[in-house]
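Given the coordinates of chain A, work out where chain B should sit on it, guided by the hints.
If you read the sequences in order, they're chains A and B.
Following the UniProt record's numbering, the numbering of the first sequence begins with 1 at its first residue and continues without gaps.
Following the UniProt record's numbering, the numbering of the second sequence begins with 1 at its first residue and continues without gaps.
Think of the hints as simulated: they come from the structure by calculation, not from any bench.
Since the model is a prediction, treat every value here as computed from it, not as a measurement.
Backbone N, C-alpha and C fix where the C-beta goes; we use that ideal spot for every residue, glycine too.
The reader is advised that the hints may include incorrect statements.
[Said to hold, decoys possible] For lysine to any residue, the following SDA-like pairs were computed, each having C-alpha atoms within a straight-line distance of at most 25 Å:
| id | chain 1 | residue 1 | chain 2 | residue 2 |
| --- | --- | --- | --- | --- |
| 1 | B | Lys255 | A | Pro179 |
| 2 | B | Lys120 | A | Gln14 |
| 3 | B | Lys114 | A | Lys261 |
| 4 | B | Lys129 | A | His335 |
| 5 | B | Lys137 | A | Phe323 |
| 6 | B | Lys143 | A | Ala306 |
| 7 | A | Lys280 | A | Ala157 |
| 8 | A | Lys224 | B | Arg83 |
| 9 | B | Lys61 | B | Ala47 |
| 10 | B | Lys120 | A | Phe323 |
| 11 | B | Lys143 | A | Pro338 |
| 12 | A | Lys261 | B | Asn139 |
| 13 | A | Lys448 | A | Ser471 |
| 14 | A | Lys448 | A | Ala419 |
| 15 | A | Lys261 | B | Ala160 |
| 16 | B | Lys246 | A | Val220 |
| 17 | B | Lys137 | A | Glu376 |
| 18 | A | Lys224 | B | Asp147 |
[Unchecked claim] Some chain A residues near chain B, calculated using beta-carbon distances under 7 Å:
| id | residue |
| --- | --- |
| 19 | Lys261 |
| 20 | Ala297 |
| 21 | Ser330 |
| 22 | Ser334 |
Here's the letter readout for the chains.
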Amino acid sequence: MTSRQILQVFENYQKARASFVQTVADLSSRPQNVEALREAGVMALLRPLLIDTVPTIQQTAALALGRLANHSDELAAAVVHDDILPQLVYSLAEQNRFYKKAAAFVLRTVAKHSPELAMAVVDSGAVSALVTCLDEFDPGVKEAAAWALGYIARHNAELAQAVVDAGAVPLLILCIQEPEMTLKRISASALSDIAKHTPELAQTVVDGGAIAYLSQLLEVQDAKLKRQVFSALSQIAKHTVDLAELVVEAYIFPAVLPSLKDPDEYVRKNVAMLIREVAKHSSELAQLIVNSGGVIALVDYVNDSAGSGAMPGIMALGYISAFSERLAMSVVVSHGVPALAHALHTEAESHIRAAAAWSLGQIGRHTPEHARHVAEANVLPDLLACTMDPAASDDLRAKASRALKNILQKCTHMPALQALLADAPPSVLENVVAQFAKILPSDAKARKQFVTSGGLKKIQEIQAEEGSDLSEAILTINECFPEEIVRYYSPGYSETLLQRLDSHTPGSAKTAS
Amino acid sequence: MLEEAGTEASSSSLFDLLATQSARFRELYLQAERDAEEAREREWHAAVRIQSCWRGYTERKALQRLHDAAGTIQRAFRGLMGRKRFRVTVKQQLKDLRTNHYNTMAARIQAVWKGYCERKHGLDYYARKAYLEALRKHNADIKHELDEFEREQAARRQAAQEKAEKKRRLRELERQHVLLSTRAQRGVLAVQEKGQDMEVTVRTVNKLQTLRKPRPPPGPSPRKTASTAAPVDASLLYSKPQGPFKPPEHVVRMKTRAPRVTLKRAEPYLSPVDPSKVFERASDGVAAEEAHQPRFAGFSKTHKREEGHVQSVFASTPYIGEGPGDLRQTYGRQTFRSAEQELNASSSTSNRLAFSTNVGRISLFDETEP
Chain A
1 MTSRQILQVF ENYQKARASF VQTVADLSSR PQNVEALREA GVMALLRPLL IDTVPTIQQT
61 AALALGRLAN HSDELAAAVV HDDILPQLVY SLAEQNRFYK KAAAFVLRTV AKHSPELAMA
121 VVDSGAVSAL VTCLDEFDPG VKEAAAWALG YIARHNAELA QAVVDAGAVP LLILCIQEPE
181 MTLKRISASA LSDIAKHTPE LAQTVVDGGA IAYLSQLLEV QDAKLKRQVF SALSQIAKHT
241 VDLAELVVEA YIFPAVLPSL KDPDEYVRKN VAMLIREVAK HSSELAQLIV NSGGVIALVD
301 YVNDSAGSGA MPGIMALGYI SAFSERLAMS VVVSHGVPAL AHALHTEAES HIRAAAAWSL
361 GQIGRHTPEH ARHVAEANVL PDLLACTMDP AASDDLRAKA SRALKNILQK CTHMPALQAL
421 LADAPPSVLE NVVAQFAKIL PSDAKARKQF VTSGGLKKIQ EIQAEEGSDL SEAILTINEC
481 FPEEIVRYYS PGYSETLLQR LDSHTPGSAK TAS
Chain B
1 MLEEAGTEAS SSSLFDLLAT QSARFRELYL QAERDAEEAR EREWHAAVRI QSCWRGYTER
61 KALQRLHDAA GTIQRAFRGL MGRKRFRVTV KQQLKDLRTN HYNTMAARIQ AVWKGYCERK
121 HGLDYYARKA YLEALRKHNA DIKHELDEFE REQAARRQAA QEKAEKKRRL RELERQHVLL
181 STRAQRGVLA VQEKGQDMEV TVRTVNKLQT LRKPRPPPGP SPRKTASTAA PVDASLLYSK
241 PQGPFKPPEH VVRMKTRAPR VTLKRAEPYL SPVDPSKVFE RASDGVAAEE AHQPRFAGFS
301 KTHKREEGHV QSVFASTPYI GEGPGDLRQT YGRQTFRSAE QELNASSSTS NRLAFSTNVG
361 RISLFDETEP
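Here chain A stands alone, though its shape is the one from the complex (with noise of 0.2 Å):
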């Protein structure tokens, strides 16, 4: 009779803490409940049941934990500092699987708040423990593992290097082969975060074999594994161009293009982001991409997309015109002018616009062709616009006016050259006249057409300081038409001829008198 009532108080107990760690677990998993929790003193109470007698207690703790790190980095920074982690990462190795997922919860729910949190899991050893985990066969553990493994190495390359050192590049690459999507998805995402830090990370992940797997998953029905599988490869290509060119040959082009048309907006931005780190290292992978077909759905790509997911497509439009005059007239073949010039004419942000500006003057500064092409979309006014916009960011400023530059320099279009003679500032007209200065001479008919549109008359308007550029080229125009003409476009003509009217007496008076 006694002992069931001792243990009726036991059970009671049990029941209780049970019931308080499963209520702050709901509580917690709402973030405008944490800062009242934590004002109760939830972590002293949530300690001691992180190492109760109960298995469940024990995980819902855990889990409760995590909730709470995860939605404030205060809290997340009190886990560390009430030396919470080397229970957890203690249990990690001895407890069962339920509670190492929960504890691979907590270990990510901090870890991915600052570098230094960050850098506070990986000193308590925990780096190992999940490496480990990676190595259970519940697929759940292992997820759960990979992720706290992902968000601790996507600080910076110091722990990344320390992941890596810890032997998980090979198990998250045997993850990826796991059927599980999420898995596959988490680890994929776990590997793009250490090998986008440096050259030697990426090469340790591709050592693995790492691109082999990854590109099997290309053609995948499943849009977040896909963003995951190209983030991972464009973060591989982008070092160096051993690293782009080991992705090539996986024969990625041009599988990868049909992504472009995926109705997931960040697996067409992550496949535009891979066709630029791979096209930006040389002129022979920008001229794979383009032989595969890869321009055509980029510039279809630009078209489609708007704000800041057309980005990556217009910088890589940009890179694969930048190596020779052949690869841009690839470009232009495809029709990128006109999608770039939209996406000057259109887009609100200004970087998106510097980049667009960028690519444009890649394209245009190769040959007079280029430059035609580009001033027949119009685009040259748009350049003007954004150099002389107060309201633009410096960046953009500068990358308009090098563009506008560079197409100019190479410029032979009349019209659009004698557009631009209006309204431009100072230094934009002095390479619009110096390109006159070039065509004129040997120009017949463009001389008569310059006279003729007004273009003589504005380029005697211009206030030239004695002995400039500017001043040189108005001179060399100067010399390719008569005198007279010249003298009569000139401003304040009218008036030298009306005073020659008073000076003169008609032959007829000059008798009489």
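What follows is chain B alone, placed relative to chain A:
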């Protein structure tokens, strides 16, 4: 003067003379002495003058001779040097003249050669035009394929959605069946949705039938055409047994699909790819794959022995041009370098090309030869 006096004295008597004339002689003598004394100074000076004139004359004469001699020597020497210098100048001028001439001629030859070379191998207008034309065509193909792909994907998504919707609706109908469910629903005679004969559908729906294979409701249902139907209706061959087994379509697919055992995706990448086959279609996927892939490519060792290792994309094919449509010869390109040892080794046996690529041509997407 003394002698004259003497002779005069001898002619007259000597003594008289001596006596009378002694004083006169003395006088004369003294006179003579005085005159001599007076003239001495002058005569001395005259003598000096004469001597100085003579000596000056001779000295000047000697000096003049020396000057003349020096002038002769200098004239001769300077003449010699001048002639030498002139000779050098003339030689230099001639050399310059020749060099200029040769340079002009060389430039003319080089201009002709460079122009020829550039037209032949470099910026060849026609090759460039062909390249751009081919690229345009290729772009159009790819764009068409991508649009087709997108449309297909959209259609597939739409179909899946419709299928889910239909399933949901059948479930709903099934629950409305009088004998299976007592759930209150709209009346049979209520206004129906677009063209759905609700009463007929409710009557014909059968629980088991729905679980196995949803039958389309009679009426204006879209009739399946022959082309879209699968070649073998899987449900005729296999019926799904009760329990956690795979559906019959899946079983048929598993039985007929080609094995995929390699890690690398076994694509026929060496031959030019027909753009229509780049993106695998759902309709002809299985059959096309079977036709193109060598069976058991991953296991076969003979296959390995023939093919050697799998080469890089960059080195797999002879580099003919720089892209699709570029069919020019390879000599003289930037991307080519001579391979001397190969020339030496092969010149005796066969007349293979002495130049080889360092970057292979990527013929993945070239035009297919007819």
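Report the numbers of all earlier hints that the structure fails to satisfy, in ascending order.
2, 3 and 8
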